[in-house]
Amino acid sequence: MQMHKSLSAAFTVIAVSLLSSLVALAAVGTAQQAVIDHYAAAAKTTDPGFKGFSVDRGRAFFLAKHDANADTPSCSTCHTADPRQAGQTRVGKAIDPMAVSVNPQRFTDLDKVELWFRRNCNTVLGRECTAMEKGDYVTFMANQ
Amino acid sequence: MSSTLREPRIPDAKLGPSKIIVWDPFVRLFHWLLVACVLVALATSLILPITWLGWHLVAGLAALALVTARIAWGLLGSTYARFSTFLRAPRTLLAHLSELRQGRAHRHRGHNPLGGVMILVLIALVIAIGVTGAFALGGAFKMGPFAYATSFIAGRTAWSIHQWLAYALMALILLHIGGAIYESRRTKENLVRAMLDGRKEARREDITAPPRQPYPGLAAGIVAIGLLGTAAVVAIMTGRPVPGVPNQPLDKIYAQECGACHVAYHPSLLAAATWNAIMDGLAHHFGENAELEAATAQSIRAYLVANAAEHYDTLAAHAFLKQDPAEPLRITATPFWTRRHASIPPLVFSSKAVGNGGQCDACHQDASTGRYSPFSIAIPHGSFQ
Numbered sequence: 007m008q009m010h011k012s013l014s015a016a017f018t019v020i021a022v023s024l025l026s027s028l029v030a031l032a033a034v035g036t037a038q039q040a041v042i043d044h045y046a047a048a049a050k051t052t053d054p055g056f057k058g059f060s061v062d063r064g065r066a067f068f069l070a071k072h073d074a075n076a077d078t079p080s081c082s083t084c085h086t087a088d089p090r091q092a093g094q095t096r097v098g099k100a101i102d103p104m105a106v107s108v109n110p111q112r113f114t115d116l117d118k119v120e121l122w123f124r125r126n127c128n129t130v131l132g133r134e135c136t137a138m139e140k141g142d143y144v145t146f147m148a149n150q
Numbered sequence: 160m161s162s163t164l165r166e167p168r169i170p171d172a173k174l175g176p177s178k179i180i181v182w183d184p185f186v187r188l189f190h191w192l193l194v195a196c197v198l199v200a201l202a203t204s205l206i207l208p209i210t211w212l213g214w215h216l217v218a219g220l221a222a223l224a225l226v227t228a229r230i231a232w233g234l235l236g237s238t239y240a241r242f243s244t245f246l247r248a249p250r251t252l253l254a255h256l257s258e259l260r261q262g263r264a265h266r267h268r269g270h271n272p273l274g275g276v277m278i279l280v281l282i283a284l285v286i287a288i289g290v291t292g293a294f295a296l297g298g299a300f301k302m303g304p305f306a307y308a309t310s311f312i313a314g315r316t317a318w319s320i321h322q323w324l325a326y327a328l329m330a331l332i333l334l335h336i337g338g339a340i341y342e343s344r345r346t347k348e349n350l351v352r353a354m355l356d357g358r359k360e361a362r363r364e365d366i367t368a369p370p371r372q373p374y375p376g377l378a379a380g381i382v383a384i385g386l387l388g389t390a391a392v393v394a395i396m397t398g399r400p401v402p403g404v405p406n407q408p409l410d411k412i413y414a415q416e417c418g419a420c421h422v423a424y425h426p427s428l429l430a431a432a433t434w435n436a437i438m439d440g441l442a443h444h445f446g447e448n449a450e451l452e453a454a455t456a457q458s459i460r461a462y463l464v465a466n467a468a469e470h471y472d473t474l475a476a477h478a479f480l481k482q483d484p485a486e487p488l489r490i491t492a493t494p495f496w497t498r499r500h501a502s503i504p505p506l507v508f509s510s511k512a513v514g515n516g517g518q519c520d521a522c523h524q525d526a527s528t529g530r531y532s533p534f535s536i537a538i539p540h541g542s543f544q
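Those sequence lines, one after another, are chains P and E.
Taken in order, the first sequence gives residues 7 to 150; the numbers are from the working numbering.
Taken in order, the second sequence gives residues 160 to 544; the numbers are from the working numbering.
Isolated chain E (complex conformation) (with noise of 0.2 Å):
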């Protein structure tokens, strides 16, 4: 039984069994710059806060762009690379999986089909995971290819799917790695090693594929051309006006008024009914009393319920919607904004660069405009001390 696994040994030690180039050098770069855009894509939401995002998009188009290129070199690349030699018809999927059950499984020198079956669901959720990433950063950000035609809601349905389908690709990998452990141990060959080098032993019993010629120029033009276009289609898409994003000044007015004491908050952070609850409610603004000429509490007033969150859709304008309800007017209670700000040092807020949780400007570069992007955020340097 085991005796149809292993090829005869060569009598002379020195020499070992012959090994032969299986995987291509792009297979080989292409796999492991894989694995470093998945592992820096996690480490920017997982772990790192969200001013990595930056990184995160990088690993993201990264990992898009590896993708494409996999899939020309499978129809175009060398005989282990393409999709013909390991993608299998169902029949031949369960035939491998009952020889394999039954300890009589052929080795094959490339991937094994149910490997097959494995590169073709990785590759089909990275694509999958990119493009649920594009629209999260279209709707909730306002940010990218999709921001003029994805709607806040929508973009925080696809981030749940993005997150989702992330998480499956994570047990996937580690069902790839448990894969490429049991049959490296069942062909007695190292294959994490394999696709370092690029090399396996030739054996004699091993399921091979008639050799392939590789078009590695008409591949590179290929994917080159797709590349471009898609960048340049993005670039319009990118370009396009966003809906329900505030692109106004402040009012003077209430930048005046309010901005005397604290940030003068963007309207589109709080609904109308908060603002008219604030505005009716300056004789005691949390502790202190802030009434205005009528006049200019009217006019103010109008402003706020006219730009209120009910009028946008960023996430700004619906974070703070779900209110604390032992303090419903302050926005350093809400739900939100505690959840966000909880990895931040208390030391931060109190601070002299920043004095409070509520200077939203200390740290967000774009607070007066109320689109708080995660590119925007710098916490002053020496308010860690």
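This is chain P alone, in the form it adopts within the complex (with noise of 0.2 Å):
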């Protein structure tokens, strides 16, 4: 009887655990996933094998370091390493986390997210970014 309570509340902890990573990975919201959409299409006209973003390619991205500038080499350098975290600019004023599950205001508008994409990837890189590159970067955020 005892034996039975338990094993059925490991399952339920199971079963939670594994229902609310589902919702996590389904909780890209509606107005990032066109975004990403976005960045799929453009991805697909220069890559015709492109088969989708990657969370750990934008991870990846987002870490790396660079060369183009020495006071800003890295994404993480204002945003910081944990995306969930607020970052500062080199001023030091305060940016909202880049995390969507922390901001849900994140990547809900193109035009905002082009102009961002634009200025810091000049800033980090020394170039745009392409759209493979922003498809990944915002699948991460998507999904932190």
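It is possible that some hints are incorrect.
Claimed, not checked - Straight-line Cα separation of at most 25 Å, DSS-like style, residue types lysine-lysine; simulated pairs:
hint, chain 1, residue 1, chain 2, residue 2
1, E, 178, E, 411
2, P, 118, P, 50
3, E, 347, P, 99
4, P, 99, P, 118
5, P, 99, E, 411
6, P, 57, P, 99
7, P, 118, E, 411
These are calculated hints, taken from the structure and not from any lab test.
Two independent chains are provided; combine them into the complex using the hints.
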């Protein structure tokens, strides 16, 4: 009887955690999905073999160090290595977290997303980012 | 020779020479309160930072009120408080001087003619310093009764005069102290102590003045009415609209776009030409790309140019016109910014609460209004650690 009870409790825990991770994966909001779809369409035109964006590639891109600008070598220089945390501009002004789970307004306005990619990619990488890089980045943030 | 200076001593040493009250309580209170006001005014301008301006104004206003009361008391007060007992014709003054030089000058029971001139000059200087200070406050900080009618340039001139008059006052105070010490030695009586307890020895050879009846009630009434009347006029003048001061909130698009990365600097801080140079160089904006949509950039540029420093008369609109040739666009590189923030430890700027010298609003609570009032400065707690 006791055994049965603890077993069912364990199952419940497993079921709940499975469900919640499914919900998390499915939690990319419609607005963010529209932004991701936009970059997917753009990526397909340049790379016919495009197979979708990757959270891991997005994370690697976010943390990667570049040498275009000594003051801002990486996205994580200002946004910090944890996108759920608030960042800080070079003059010390707070930047709201990038992770959609903490800041659901992120990546909902394509014009704004494009504006900041243009500025920050030019600053950090010294060039515009590709649709692939942008899509990976948004996908990573949408799943944080 | 020296025998004429000394009263014959009373043989019974226990009694000593008889002492009488020469300086009445108001004269003594006035003297030492004015000393306190001058010390506070000096400390709050020469030693302490501009955030002490409030105490500087309190000291200045109190000095003016004290001097007003002293003038009334000089006309209606007790014998030796009266101007008529110590303001002498130039002829008498010169005679006193030559007697002093010859070592045969008599002792004056009140102020001697030289001391009398000093008192008049000190009173005049305190008034002049107060008035020029009020004009400086009006022109430079756009505060107080003359703000509505004083340009920044006029205020800066008044401030310069205010400063030189204050140095002159300090020099005269030293002379005044020197005179008091000299006369104390010459007449063998501690005059500083006399200004504390009001008592001086009554010597037979003293030059005295005929007793005068004081009118404390009348004097107090006149001073009260005078000060209240002045306060009312000052309040009305202070309430008048002040031209040349920004009074509109920041443009929403400007505040949102530029304020995303840094403080949205008030447009009055920089000249139109500087704003144009900044807007022309957004692709390389202090080491970052800050390009905007063409339409947004155009509207922001128009706003900045229409509200640039040329359109205002505040201190902030004049302060940064002189640029650093190496970094003409950086406000924190200007000579004025560097000078004004020199006394603040670098640790404050790099602290988490401030972040960077360019974060004006970390300490200037009114940064977004372009006012930069000395009364709106609050360095965040903990930024000194």
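### Query
Of the hints stated earlier, which fail here?
1, 3 and 6
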